[in-house]
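Construct the entire structure; sequences and hints are all you get.
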Amino acid sequence: LNTGEVTNKGIETALRLNPIRTRDWDLRFGINYTHNKNFLKSLHPQTKRIGVNGSGVIFAEEGYEVNQIVVPDYARDEQGRVIVDINTGYPSRATESTRIGNTTPKHRLGVDLSLRWKDFTVSSVFEYRGGYYFASIEQGSTMDFIGSSARSAYYNRERFVFPNSSYWDESKGAYVENTNITVSDGGSGFWTNSTYNRGTNSNYVYSGDYWKWREL
Numbered sequence: 001l002n003t004g005e006v007t008n009k010g011i012e013t014a015l016r017l018n019p020i021r022t023r024d025w026d027l028r029f030g031i032n033y034t035h036n037k038n039f040l041k042s043l044h045p046q047t048k049r050i051g052v053n054g055s056g057v058i059f060a061e062e063g064y065e066v067n068q069i070v071v072p073d074y075a076r077d078e079q080g081r082v083i084v085d086i087n088t089g090y091p092s093r094a095t096e097s098t099r100i101g102n103t104t105p106k107h108r109l110g111v112d113l114s115l116r117w118k119d120f121t122v123s124s125v126f127e128y129r130g131g132y133y134f135a136s137i138e139q140g141s142t143m144d145f146i147g148s149s150a151r152s153a154y155y156n157r158e159r160f161v162f163p164n165s166s167y168w169d170e171s172k173g174a175y176v177e178n179t180n181i182t183v184s185d186g187g188s189g190f191w192t193n194s195t196y197n198r199g200t201n202s203n204y205v206y207s208g209d210y211w212k213w214r215e216l
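Residue numbers (the UniProt record's numbering): 1 to 216.
Computed Cβ-Cβ distance ranges for the label pairs, DEER-style:
hint: 1; residue 1: Ala75; residue 2: Thr3; range: 30 to 38 angstroms
hint: 2; residue 1: Glu158; residue 2: Thr13; range: 51 to 59 angstroms
hint: 3; residue 1: Glu5; residue 2: Glu177; range: 41 to 49 angstroms
Once the Cα atoms are required to be at most 30 angstroms apart in a straight line, the calculated DSS-like pairs of lysine-lysine come out as:
hint: 4; residue 1: Lys48; residue 2: Lys9
hint: 5; residue 1: Lys9; residue 2: Lys37
hint: 6; residue 1: Lys106; residue 2: Lys9
hint: 7; residue 1: Lys212; residue 2: Lys9
hint: 8; residue 1: Lys37; residue 2: Lys48
hint: 9; residue 1: Lys41; residue 2: Lys106
hint: 10; residue 1: Lys106; residue 2: Lys48
hint: 11; residue 1: Lys212; residue 2: Lys106
hint: 12; residue 1: Lys41; residue 2: Lys9
hint: 13; residue 1: Lys37; residue 2: Lys106
hint: 14; residue 1: Lys37; residue 2: Lys212
hint: 15; residue 1: Lys118; residue 2: Lys212
Just so you know, the hints here were simulated from the structure itself, not pulled from any lab data.
Note that beta-carbon positions come from the ideal geometry of N, C-alpha and C, so glycine has one too.
See the structure below:
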């Protein structure tokens, strides 16, 4: 189904060196880098955004890079801190979903190294991919619900101050850093809740950046 126009821009470059080359020794080094950006220029006139693969969190939206993760997130103040309820300590959710980023790596870097001594050679290849995100909504939410996730044990299931949070201080007429207001329930009352935790899908979106040792 063709419903839009996509532009693809990028660069690719490579460098190879052979700094040592003698009868018995040979050292070779190579590096290649690729930067790629897929931009959705336009969609069908009757729509500006369509879902991808039925995931419910990945979309193709006109004016952005292809395959954007758009999910419910917490409400935040101007400094990016999560706004919590002054009485319960529970975080509040934003009225609109938040665009986290694209699911396709923008940066790809390959590094290879080869060392030969007489008839014996050792070579290795490394790879880096970065500048993208991935979502693990169903798995992360389920693990929180049954209490098997690492994050559900961060605070020993006791009451805790929600990290990087703030609350509205009436006397100051501003949001202030939350340092002492804990959530009312740090156990199942929080981790299984669909409003404060499991339904806020930004909790289960992660950076996809990685280094991999591909060959030896």
